[in-house]
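Residue numbers (our numbering), protein chains in the order written: chain S, 148 to 677; chain Y, 148 to 677.
Heads up, a few of these hints could be off.
[Unchecked claim] Straight-line C-alpha distance at most 25 Å; calculated DMTMM-like pairs for lysine to aspartate or glutamate:
#1 K577/Y to D547/S
#2 K169/Y to E536/S
#3 K577/S to D547/Y
#4 K169/S to D553/Y
#5 K169/S to D664/Y
#6 K169/S to E536/Y
#7 K169/S to D490/Y
#8 K341/Y to D506/Y
#9 K573/S to D547/S
#10 K169/S to D511/Y
#11 K169/Y to E587/S
#12 K169/S to D623/Y
#13 K341/S to D150/Y
#14 K542/Y to D150/S
#15 K169/Y to E562/S
#16 K542/S to E524/Y
#17 K169/S to E524/Y
#18 K341/Y to D553/Y
#19 K542/Y to E620/S
#20 K341/Y to D664/Y
#21 K169/Y to D511/S
#22 K341/Y to D150/S
#23 K169/S to D150/Y
#24 K169/Y to E513/S
#25 K169/Y to E620/S
#26 K169/Y to D182/Y
#27 K573/S to D623/S
#28 K445/Y to D490/S
#29 K169/S to D561/Y
#30 K169/Y to D490/S
#31 K577/Y to D553/Y
#32 K169/S to E435/Y
#33 K573/Y to D490/Y
#34 K169/Y to D553/S
#35 K573/S to E587/S
#36 K610/S to E626/S
#37 K169/Y to D150/S
#38 K445/S to E435/Y
Hint data in this document are derived by calculation from the structure and do not stem from the laboratory.
These figures come from a predicted structure and were not determined experimentally.
2 protein chains.
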Amino acid sequence: MIDGAMQPYALTLDKVLDHAAKWHPRAEVVTAREDGQTIRIGYADLADRSRRVSGVLQNLGAGFGMRIATLAWNSQAHVEAWYAIMGMGAVCHTLNPRLHADQIAWMLDRSGARILIVSADLLPLARQVAERATAVERLLVIDGEAPESAAGRPAVLQLEPLLGACQDRPAWGQFDETSPCGLCFTSGTTGAPKGVTFTHRSSFLHAQRLLQVDAMAVSGADSVLAVVPMFHANAWGLPFAVPAAGGKLVLPGRHNDGTSLARLIRAEGVTTAVGVPTVWLGLLEHLEATGADVPTLKRIVVGGAPMPSALMARLETRLGVRVQTTWGMTELSPSGTVTPLGDAVRPAANSGRPALGIDLLITDPEGRPLPQQRNAEGSLRVRGAAVVERYFGEKATALDADGWFDTGDLARIDEAGNLIITGRAKDLIKSGGEWINPVEIEAVVGALPQVSLAAVIGRLDAKWGERPILLVELRDAGEVSNETLLAPLRGRVAPWWIPDAVVRLPSMPLAATGKIDKIRLRAEYGGATP
Amino acid sequence: MIDGAMQPYALTLDKVLDHAAKWHPRAEVVTAREDGQTIRIGYADLADRSRRVSGVLQNLGAGFGMRIATLAWNSQAHVEAWYAIMGMGAVCHTLNPRLHADQIAWMLDRSGARILIVSADLLPLARQVAERATAVERLLVIDGEAPESAAGRPAVLQLEPLLGACQDRPAWGQFDETSPCGLCFTSGTTGAPKGVTFTHRSSFLHAQRLLQVDAMAVSGADSVLAVVPMFHANAWGLPFAVPAAGGKLVLPGRHNDGTSLARLIRAEGVTTAVGVPTVWLGLLEHLEATGADVPTLKRIVVGGAPMPSALMARLETRLGVRVQTTWGMTELSPSGTVTPLGDAVRPAANSGRPALGIDLLITDPEGRPLPQQRNAEGSLRVRGAAVVERYFGEKATALDADGWFDTGDLARIDEAGNLIITGRAKDLIKSGGEWINPVEIEAVVGALPQVSLAAVIGRLDAKWGERPILLVELRDAGEVSNETLLAPLRGRVAPWWIPDAVVRLPSMPLAATGKIDKIRLRAEYGGATP
Numbered sequence: 148m149i150d151g152a153m154q155p156y157a158l159t160l161d162k163v164l165d166h167a168a169k170w171h172p173r174a175e176v177v178t179a180r181e182d183g184q185t186i187r188i189g190y191a192d193l194a195d196r197s198r199r200v201s202g203v204l205q206n207l208g209a210g211f212g213m214r215i216a217t218l219a220w221n222s223q224a225h226v227e228a229w230y231a232i233m234g235m236g237a238v239c240h241t242l243n244p245r246l247h248a249d250q251i252a253w254m255l256d257r258s259g260a261r262i263l264i265v266s267a268d269l270l271p272l273a274r275q276v277a278e279r280a281t282a283v284e285r286l287l288v289i290d291g292e293a294p295e296s297a298a299g300r301p302a303v304l305q306l307e308p309l310l311g312a313c314q315d316r317p318a319w320g321q322f323d324e325t326s327p328c329g330l331c332f333t334s335g336t337t338g339a340p341k342g343v344t345f346t347h348r349s350s351f352l353h354a355q356r357l358l359q360v361d362a363m364a365v366s367g368a369d370s371v372l373a374v375v376p377m378f379h380a381n382a383w384g385l386p387f388a389v390p391a392a393g394g395k396l397v398l399p400g401r402h403n404d405g406t407s408l409a410r411l412i413r414a415e416g417v418t419t420a421v422g423v424p425t426v427w428l429g430l431l432e433h434l435e436a437t438g439a440d441v442p443t444l445k446r447i448v449v450g451g452a453p454m455p456s457a458l459m460a461r462l463e464t465r466l467g468v469r470v471q472t473t474w475g476m477t478e479l480s481p482s483g484t485v486t487p488l489g490d491a492v493r494p495a496a497n498s499g500r501p502a503l504g505i506d507l508l509i510t511d512p513e514g515r516p517l518p519q520q521r522n523a524e525g526s527l528r529v530r531g532a533a534v535v536e537r538y539f540g541e542k543a544t545a546l547d548a549d550g551w552f553d554t555g556d557l558a559r560i561d562e563a564g565n566l567i568i569t570g571r572a573k574d575l576i577k578s579g580g581e582w583i584n585p586v587e588i589e590a591v592v593g594a595l596p597q598v599s600l601a602a603v604i605g606r607l608d609a610k611w612g613e614r615p616i617l618l619v620e621l622r623d624a625g626e627v628s629n630e631t632l633l634a635p636l637r638g639r640v641a642p643w644w645i646p647d648a649v650v651r652l653p654s655m656p657l658a659a660t661g662k663i664d665k666i667r668l669r670a671e672y673g674g675a676t677p
Numbered sequence: 148m149i150d151g152a153m154q155p156y157a158l159t160l161d162k163v164l165d166h167a168a169k170w171h172p173r174a175e176v177v178t179a180r181e182d183g184q185t186i187r188i189g190y191a192d193l194a195d196r197s198r199r200v201s202g203v204l205q206n207l208g209a210g211f212g213m214r215i216a217t218l219a220w221n222s223q224a225h226v227e228a229w230y231a232i233m234g235m236g237a238v239c240h241t242l243n244p245r246l247h248a249d250q251i252a253w254m255l256d257r258s259g260a261r262i263l264i265v266s267a268d269l270l271p272l273a274r275q276v277a278e279r280a281t282a283v284e285r286l287l288v289i290d291g292e293a294p295e296s297a298a299g300r301p302a303v304l305q306l307e308p309l310l311g312a313c314q315d316r317p318a319w320g321q322f323d324e325t326s327p328c329g330l331c332f333t334s335g336t337t338g339a340p341k342g343v344t345f346t347h348r349s350s351f352l353h354a355q356r357l358l359q360v361d362a363m364a365v366s367g368a369d370s371v372l373a374v375v376p377m378f379h380a381n382a383w384g385l386p387f388a389v390p391a392a393g394g395k396l397v398l399p400g401r402h403n404d405g406t407s408l409a410r411l412i413r414a415e416g417v418t419t420a421v422g423v424p425t426v427w428l429g430l431l432e433h434l435e436a437t438g439a440d441v442p443t444l445k446r447i448v449v450g451g452a453p454m455p456s457a458l459m460a461r462l463e464t465r466l467g468v469r470v471q472t473t474w475g476m477t478e479l480s481p482s483g484t485v486t487p488l489g490d491a492v493r494p495a496a497n498s499g500r501p502a503l504g505i506d507l508l509i510t511d512p513e514g515r516p517l518p519q520q521r522n523a524e525g526s527l528r529v530r531g532a533a534v535v536e537r538y539f540g541e542k543a544t545a546l547d548a549d550g551w552f553d554t555g556d557l558a559r560i561d562e563a564g565n566l567i568i569t570g571r572a573k574d575l576i577k578s579g580g581e582w583i584n585p586v587e588i589e590a591v592v593g594a595l596p597q598v599s600l601a602a603v604i605g606r607l608d609a610k611w612g613e614r615p616i617l618l619v620e621l622r623d624a625g626e627v628s629n630e631t632l633l634a635p636l637r638g639r640v641a642p643w644w645i646p647d648a649v650v651r652l653p654s655m656p657l658a659a660t661g662k663i664d665k666i667r668l669r670a671e672y673g674g675a676t677p
């Protein structure tokens, strides 16, 4: 009692929206609706509505520590649901509507959510899910009206009338900052989905990290288009970071096509657009086809998949924007690295550097740090306040003995400290005792104009253990010889890296997040040749 | 054990320097020495030296929780001492060399530091201090050599030879993030000095807040001149924030005159300069006198005293920089508000807005929130993770019943959320039961070309309780009538606000931080007229 003290100040997410409401009351959240109209609300009003949504949820039996699920697009109502759930100390379990009903039900069974908040247009899917996930007692409909025939089990309730009748505003916060606030299952492209439990502390610190100049650099003067979905990896933390800065948050609803996004960017003066590379290809092609412009747009933040350098160059030249590459994963809340806007040279293959609050380590496969951390490829491990320690429902730690989380990625760090992801450890092919990295082969074949998507997997082989085979989805129906596909590899990879076989697929199987589904490819094509 | 968890990751300051060393190993700390030369070191080497300074301190008996004092200018060695002390869990008690030896000794007696790290040129002062503060056992000299006659008590040791011989690198961190890391006594311009104990958590979160785009916006591409002293209010957190971002940290040593600063800015490509307004007046006058330029300088961050709008306009016009006004106090670690760089209109009287992590409240004198938080003057209260809860050595909280810290400032918040400090509650004069705010009178008189410094205090008055009197330091020796000084007040303040008397002082008494010492003025001139 003689040393003095600083204030107790729990890092809880209710403070984020309250800060926005108090200091940026009229800064807006804008949502593109299905009917082509936009709706808008200031943070002060949004905070009040969110508190009353908490009231509705409380009246439905929700409380601290309980899971409440959402199956919805990026919208004002979804943001309100997040803060309503998290503010009262419940846990927001976001579900990906692009998954199969069985997969969603599997996740819901694990989280035990009894209330599922659902976009009106996703109600049919939600019903299928609820048939399988028997814990779900209520579907609470947002973003549109449930059809008349909404009776039955589980009960279907419309949020808006309940909200109109509710003046209850349960207290927010007032719990420990390490309380869980969110749950999201990984995409499972390289294994069974695993649940990551976010805490108030981790998401608060993650948001503060994003606001740094050399990270996502969101300012109160920005209008930020969040294309990256709220149902996956927290929409990269934007529903926290943008209100925290007092910026305008622009939400595209269900539609991510170039036409819709261009219209939204122009109408809302979007300065910063955030999403996966393919989305921006769509925008670019729309603008090229129509000759239209997006003059307010200053930068595009990409991540979630490798950024093709040709696309990056086209975007920067055609749109006059700066592209910021990033790297992250659900287990990191999800941001790991960002290329600072101020960097003069920003190659597309670079994913940027970690800001204070997260650290990276390059190790050998057993987790021993490589003696040289620069310019050496190895296993990428991560540490930080917003990095998973233990998956949902697991008793064992996800960390190694030194407290690092193994991302499963292969990477190197260049002289200037930039991260370059070079592959996935699980995708490596072991042939005759030596490793083959499919990413290097895919990059060469994937750059061919005839190829739309390319994947290389290992096929069981009696002599070598595994041998690489190439699977391609071609751009046009025309004939392309194996030699055309494989010849560019000669001289660029070791001769024994060249695939033994080529399989042409009418359409490449993709996982729900848009990544190539290598698990399925391996299941179908990875067995020994009969 | 079924919910999953994010990583434990204590927010301790060792992580800041380790982050800088790992991700920005060659970014530099540059120090201007007494001899006009500069010395420089990269963060990787600085981190190693700091660890070995911890080793030296440990060998001298220092350990977790112990106070170690510093009496030094802004220099590399002072930065190393900070991290060495804080990294091992000791508490860095910074002392202001502009105070009297008695005052410094009083503070040292309270903290009980046994080791005092001292700049060579401050050794005479340190000896006077140590004669009075008997707990001090050792003076450890940095930034120059102690004279030969350094024997006696307390022992005078030179750091550099000890460091050269020391290969011990004690473990850093590994303690609770709420452990104390620093101690600084307030300037005491309005009362007895009070000690503020900073914690690792509070200083880490404060540094992260400064890095936000709409706060201090320090980037890895910046070269930051920290004129604001490390012995006062943590040099506004720059010794944490600049390494955290990987920027260059430029330290002026003892000399803050315009000539020295201009040379340093040019030589080190300074982009961002941080200090109190008077320092920039010195720089401006030097540049105007010599016709020289500082082309790399993009912005000047000011705080610690009101920014005259004429000076702000001159700086922006003459130097082509943007001036960012701020407000803070030792009790806030010290940053409270910052005017975002992106603001189109930035009046000098505005101090900007709080970033996520700190909150402001305008109340009546009893702490009841004003119903309108905008455009209403009241008592300014603050809440946040880097705001004092309890002063050093105190048992009682410094907070009100709702958990807010009363800053003692009077303020209002404009429509856009900008803080405008309007006075100090303790400086208010109560005349005939009504309040007079001296700041408003001082602003009018202080703007007169003949006036260098103006202060208004209350003088005891048999009839009215108190009546205002004006004290001035004139710019030149020439005659200036009372009427010349008081006439501009008519029509701008209430007639009964006009001071009853004018006192001309050859030199205004200043406290050690450069603020007008109103305590002394009140003691000398505040009694009833005889």
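If you test the structure against every hint from before, which numbers come out violated? 1, 3, 5, 11, 12, 16, 19, 23, 25, 26, 27, 32, 33, 36, 37 and 38
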